[in-house]
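Undergrad: Please build the complex by placing chains B, C and D on the supplied structure of chain A, with the hints as guidance.
Chains as they are written, first to last, in our numbering: chain A, 173 to 410; chain B, 173 to 410; chain C, 154 to 371; chain D, 154 to 371.
Since the hints were derived computationally from the structure, they do not count as laboratory data.
Even for Gly, the Cβ is constructed at its ideal location relative to N, Cα and C.
There could be a bad hint or two in this list.
Said to hold, decoys possible - Quick look at which bits of chain B chain C covers, simulated, 3 or more residues with Cβ under 8 Å:
(1) 191-202
(2) 243-255
(3) 266-275
(4) 280-294
(5) 299-308
(6) 340-351
Claimed, not checked - Cross-link-like lysine to aspartate or glutamate pairs, in silico, DMTMM-like; alpha carbons within 20 Å at most:
(7) D:280 <-> A:271
(8) A:218 <-> A:261
(9) D:326 <-> D:340
(10) D:238 <-> B:374
(11) C:238 <-> A:376
(12) B:306 <-> A:310
(13) A:245 <-> A:271
(14) A:386 <-> C:258
(15) C:326 <-> C:270
(16) B:218 <-> B:183
(17) B:306 <-> A:312
(18) C:238 <-> A:374
(19) C:238 <-> C:201
(20) B:386 <-> D:178
(21) B:245 <-> B:325
(22) C:255 <-> A:325
(23) B:386 <-> D:201
(24) D:238 <-> B:376
(25) C:298 <-> C:258
(26) B:399 <-> C:218
(27) D:298 <-> B:325
(28) D:298 <-> B:358
(29) B:399 <-> C:223
(30) D:238 <-> D:198
(31) A:306 <-> B:310
(32) C:238 <-> C:218
(33) C:326 <-> B:312
(34) C:238 <-> A:372
(35) C:280 <-> B:271
(36) A:306 <-> B:312
(37) C:232 <-> B:403
(38) D:370 <-> D:344
(39) C:255 <-> A:358
(40) D:160 <-> D:362
Spelled out from the first residue to the last, the chains are:
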Amino acid sequence: MINKIVSSPAEAVANIFDGAMIMIGGFGEAGSPIELIHALIDQGAKNLTVISNNTGSGHVGIASLIEHRRVAKMICSFPRTLNSTVFPELYNKGEVDLELVPQGTLAERIRAGGAGIPAFYTPSSVNTSLANGKELRDFDGITYVMEYGLKADFSLVKCEAADRYGNLIYNKTARNFGPVMCTAADQTLVQAKRIVELGDIDPECVVTPGIFVKKVVEVTNPSDESKLVAEERSYPWK
Amino acid sequence: MINKIVSSPAEAVANIFDGAMIMIGGFGEAGSPIELIHALIDQGAKNLTVISNNTGSGHVGIASLIEHRRVAKMICSFPRTLNSTVFPELYNKGEVDLELVPQGTLAERIRAGGAGIPAFYTPSSVNTSLANGKELRDFDGITYVMEYGLKADFSLVKCEAADRYGNLIYNKTARNFGPVMCTAADQTLVQAKRIVELGDIDPECVVTPGIFVKKVVEVTNPSDESKLVAEERSYPWK
Amino acid sequence: MEIKETKVGWSRIEMAQKVALDIPDESYVNLGIGLPELVADHVPEGREVIYHTENGLLGMGPIPEESERDPELINAGKKNITAIKGGSFFHHADSFTMIRGKHIDICVLGAFQVSKDGDIANWSTGKPGAIPAVGGAMDLVAGVKRIFVITQHNTKDGKSKLVNECTYPLTGKGVVETIYTNLAIIDLKKEGLVVREMGPNVDFEYLQEHTEAPLIKS
Amino acid sequence: MEIKETKVGWSRIEMAQKVALDIPDESYVNLGIGLPELVADHVPEGREVIYHTENGLLGMGPIPEESERDPELINAGKKNITAIKGGSFFHHADSFTMIRGKHIDICVLGAFQVSKDGDIANWSTGKPGAIPAVGGAMDLVAGVKRIFVITQHNTKDGKSKLVNECTYPLTGKGVVETIYTNLAIIDLKKEGLVVREMGPNVDFEYLQEHTEAPLIKS
Numbered sequence: 173m174i175n176k177i178v179s180s181p182a183e184a185v186a187n188i189f190d191g192a193m194i195m196i197g198g199f200g201e202a203g204s205p206i207e208l209i210h211a212l213i214d215q216g217a218k219n220l221t222v223i224s225n226n227t228g229s230g231h232v233g234i235a236s237l238i239e240h241r242r243v244a245k246m247i248c249s250f251p252r253t254l255n256s257t258v259f260p261e262l263y264n265k266g267e268v269d270l271e272l273v274p275q276g277t278l279a280e281r282i283r284a285g286g287a288g289i290p291a292f293y294t295p296s297s298v299n300t301s302l303a304n305g306k307e308l309r310d311f312d313g314i315t316y317v318m319e320y321g322l323k324a325d326f327s328l329v330k331c332e333a334a335d336r337y338g339n340l341i342y343n344k345t346a347r348n349f350g351p352v353m354c355t356a357a358d359q360t361l362v363q364a365k366r367i368v369e370l371g372d373i374d375p376e377c378v379v380t381p382g383i384f385v386k387k388v389v390e391v392t393n394p395s396d397e398s399k400l401v402a403e404e405r406s407y408p409w410k
Numbered sequence: 173m174i175n176k177i178v179s180s181p182a183e184a185v186a187n188i189f190d191g192a193m194i195m196i197g198g199f200g201e202a203g204s205p206i207e208l209i210h211a212l213i214d215q216g217a218k219n220l221t222v223i224s225n226n227t228g229s230g231h232v233g234i235a236s237l238i239e240h241r242r243v244a245k246m247i248c249s250f251p252r253t254l255n256s257t258v259f260p261e262l263y264n265k266g267e268v269d270l271e272l273v274p275q276g277t278l279a280e281r282i283r284a285g286g287a288g289i290p291a292f293y294t295p296s297s298v299n300t301s302l303a304n305g306k307e308l309r310d311f312d313g314i315t316y317v318m319e320y321g322l323k324a325d326f327s328l329v330k331c332e333a334a335d336r337y338g339n340l341i342y343n344k345t346a347r348n349f350g351p352v353m354c355t356a357a358d359q360t361l362v363q364a365k366r367i368v369e370l371g372d373i374d375p376e377c378v379v380t381p382g383i384f385v386k387k388v389v390e391v392t393n394p395s396d397e398s399k400l401v402a403e404e405r406s407y408p409w410k
Numbered sequence: 154m155e156i157k158e159t160k161v162g163w164s165r166i167e168m169a170q171k172v173a174l175d176i177p178d179e180s181y182v183n184l185g186i187g188l189p190e191l192v193a194d195h196v197p198e199g200r201e202v203i204y205h206t207e208n209g210l211l212g213m214g215p216i217p218e219e220s221e222r223d224p225e226l227i228n229a230g231k232k233n234i235t236a237i238k239g240g241s242f243f244h245h246a247d248s249f250t251m252i253r254g255k256h257i258d259i260c261v262l263g264a265f266q267v268s269k270d271g272d273i274a275n276w277s278t279g280k281p282g283a284i285p286a287v288g289g290a291m292d293l294v295a296g297v298k299r300i301f302v303i304t305q306h307n308t309k310d311g312k313s314k315l316v317n318e319c320t321y322p323l324t325g326k327g328v329v330e331t332i333y334t335n336l337a338i339i340d341l342k343k344e345g346l347v348v349r350e351m352g353p354n355v356d357f358e359y360l361q362e363h364t365e366a367p368l369i370k371s
Numbered sequence: 154m155e156i157k158e159t160k161v162g163w164s165r166i167e168m169a170q171k172v173a174l175d176i177p178d179e180s181y182v183n184l185g186i187g188l189p190e191l192v193a194d195h196v197p198e199g200r201e202v203i204y205h206t207e208n209g210l211l212g213m214g215p216i217p218e219e220s221e222r223d224p225e226l227i228n229a230g231k232k233n234i235t236a237i238k239g240g241s242f243f244h245h246a247d248s249f250t251m252i253r254g255k256h257i258d259i260c261v262l263g264a265f266q267v268s269k270d271g272d273i274a275n276w277s278t279g280k281p282g283a284i285p286a287v288g289g290a291m292d293l294v295a296g297v298k299r300i301f302v303i304t305q306h307n308t309k310d311g312k313s314k315l316v317n318e319c320t321y322p323l324t325g326k327g328v329v330e331t332i333y334t335n336l337a338i339i340d341l342k343k344e345g346l347v348v349r350e351m352g353p354n355v356d357f358e359y360l361q362e363h364t365e366a367p368l369i370k371s
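Isolated chain A, as found in the complex:
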């Protein structure tokens, strides 16, 4: 029987290994799987490459993962956000690497990775420093840059509801990178606000079909990252 539900965030992230490539969903706090990230901090895997749009805020979530020196390299589009001090400090000290990718190219590289497309051409970043050293090519008189598909060992994603097959729906703009990240990892690990029965999600409205999901854990009341940051909380909780 197919049952992707596991009982704790710790169980969900148990297999993550040192040196793993990990995609983490979210755009700012919307969609950030903060309980899975905290479980990963507890779990201890290090030397990670993290693909995520941002680098987290305050001292929780991705920012805490970075602060605990678990991240060797970030691949993202916008590594500074409101209240993000951890990444900038470590980056300026040379303690964490950065691959900066335009946001649309990042999304498309992840989608390509999940879709079995090893590379594609895009107009984004042509004539800019982010295209330096990359292969350029003209199609119909317009110059494009070749970009590679991105794949990961694990994706950590937050969703609104999930069933035992791993079918997912999201909430509003918390959807963001989740659906493409689910497709691009060997193992997609999901925290869902609700676990529902098979059939409760309208088959016309499933956003991530279960085939892309490995494990789901219910986190009924996920942390509100901006609140934690406002309260100056740090993970692990003190």
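TA: Coordinates of chains B, C and D only, in the frame set by chain A:
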């Protein structure tokens, strides 16, 4: 005010010009916008290049469009289906061209066209005759073939429900090529079984956001193609 | 010739049963048109297998009652189907993301020919005048993790379908893992074509006689 | 220097109004973070404009009441927003399909510099020690049909933002259509930088004095 609703299939297809590149949704009869195709036959545009998975059945829909010598070239993955005699006959007489594309490559080329991706690499068709003359390239020791994005002047698509913004939902496997074709044409022309009020379609369940749609016409009781074929009907109706 | 008097090899149903036995619990499976479609009926009790149809459904269920047919709910063979509870609909590009992105575990296909190196020809006989039609076959063999072929061992005029080199246009190269015929189950391994199991009243000598490519006893 | 006594040029609100006037009815528009966000409040009555936010919403509505804030409904600037009736949510790859695929009609962006050839620099000052962060800016300038820039005409230390050649790292080349500053509206045409309109108490001479790139009277 944004109001993409038009009053008749004839009005929807009025601007289609001779020599146009046209995408037509549908996989077999599921999702085939048969009333729009019939309106196009009445409208008279010719020398068309048609991109569609199949070549139609019997003497209605795409098959009738081909039979009326409006189609110079088909780009499709499966040009013979049950009761499809029109295309094979004209093809063997050399009266219509064919570009045969693997189904997944066809879908991805259309998606790429809509997403501003001029070309991408795929493993499909490598080492086969369909890759003949195409550019091959290795990534991580595996050989891929380069394929180009596909764009069209018009897309004809059938959906389940639409609102005045052009937001669309589909019915079951009638979704097939519709959503990607909507993105890849200068003008997407849609027949909807129901026109609904703004807000009636759950924003989490919209499959085609209105930005990809130009015109929508309500066709409450679309023809059942397989019935027409079984009854040996021909369009124009006699 | 006297061997024709007794039942030789498996029936189509038995072939489908053999394939079904090799589909593990929790697999995501795409079944080709024709003989492969029979496989779904024979998956052992207790195994939950999810069927993908490339025209946009994960969770294909059995054939519906005549009264419940929806012309907009069909499979890749354009036959009426149903959707299971927990299924999902999606568009073609997303469907082939599942295929090309190596998310589907097993694809069961028919074939005109399979070569000793795992090449498969199943989309065109290359005859002049025939309308070429490829559908999703090339995407499936390029993208699905494991490719099973189910086919009669020989053509109607007695030719071996398991050949040294395919003479028909290829669908894909070096992709077939196992071939299930009416005579045997044959795994395509590095060392060659290894006969895993033979049908009733088939022995290795008989099998090799009916097979162009060299076989290896397991 | 005596000119400082009277009001010279437009306020931020007036600048936003000027941009808004140039947004036709039925447009799909993406507004950058900061000053561009003001534009939405000033679109003339009777025009229906749909706002896209690249983090996955078409149909962005006004800022919500404090009590109705949903931390999972935000815009590209990570501010709380609402969704209009007839809006739709989608994932990032679909969102940038709208951008890269040239489906968005207009993007209004801020800028550090715009060159006379329409090059724009708005993502990095290139200063050592600054954390580079590009977000969706390069996708927007490469993909949206028309790029409007709204910005102060000069930097705080008096330098022209409308330059002969950008000295900051480029976001895109030859993409800007019109620049709306506190001093003037300037269209970037083949013949050069054509001044379409000047703000209160600004004349052509004054404007050229405050602009590095050569201007053309309209």
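Undergrad: Within a Cα-Cα threshold of 20 Å, do residue 326 (chain C) and residue 312 (chain B) meet the stated pairing?
TA: Distance of about 18 Å is within 20 Å: holds.
Undergrad: Are the Cα atoms of residue 255 (chain C) and residue 358 (chain A) separated by 20 Å or less?
TA: holds, 10 Å
Undergrad: Is residue 306 (chain A) within 20 Å of residue 312 (chain B), Cα to Cα?
TA: Holds, at roughly 17 Å.
Undergrad: Given the hint that residue 306 (chain A) pairs with residue 310 (chain B), does the C-alpha gap stay at or below 20 Å?
TA: holds, 17 Å
Undergrad: Given the hinted pair residue 238 (chain C) and residue 374 (chain A), is their alpha-carbon gap at most 20 Å?
TA: holds, 9 Å
Undergrad: Holds or violated: residue 298 (chain C) with residue 258 (chain C), Cα cutoff 20 Å?
TA: holds, 5 Å
Undergrad: Quickly compare the C-alpha distance for residue 399 (chain B) and residue 218 (chain C) to 20 Å and report which way the hint goes.
TA: Holds, at about 18 Å.
Undergrad: Hey, residue 245 (chain A) versus residue 271 (chain A), does the alpha-carbon distance stay inside 20 Å?
TA: holds, 8 Å
Undergrad: With the threshold set at 20 Å, check whether the alpha-carbon distance from residue 280 (chain C) to residue 271 (chain B) stays at or below it.
TA: holds, 18 Å
Undergrad: Would you mind confirming whether the straight-line C-alpha gap from residue 298 (chain D) to residue 358 (chain B) stays at or under 20 Å?
TA: It holds: about 13 Å lies between the C-alpha atoms, which stays within 20 Å.
Undergrad: Are residue 238 (chain C) and residue 372 (chain A) close enough, with their CA atoms no more than 20 Å apart?
TA: Satisfied, since the Cα-Cα distance of roughly 9 Å is no more than 20 Å.
Undergrad: Is the listed coverage of the stretch 280-294 of chain B by chain C valid when you require three or more residues with a beta carbon under 8 Å from a beta carbon of that chain?
TA: Coverage by chain C holds for the stretch 280-294 of chain B (4 residues, Cβ < 8 Å).
In this structure, none of the earlier numbered hints is contradicted; all agree with it.
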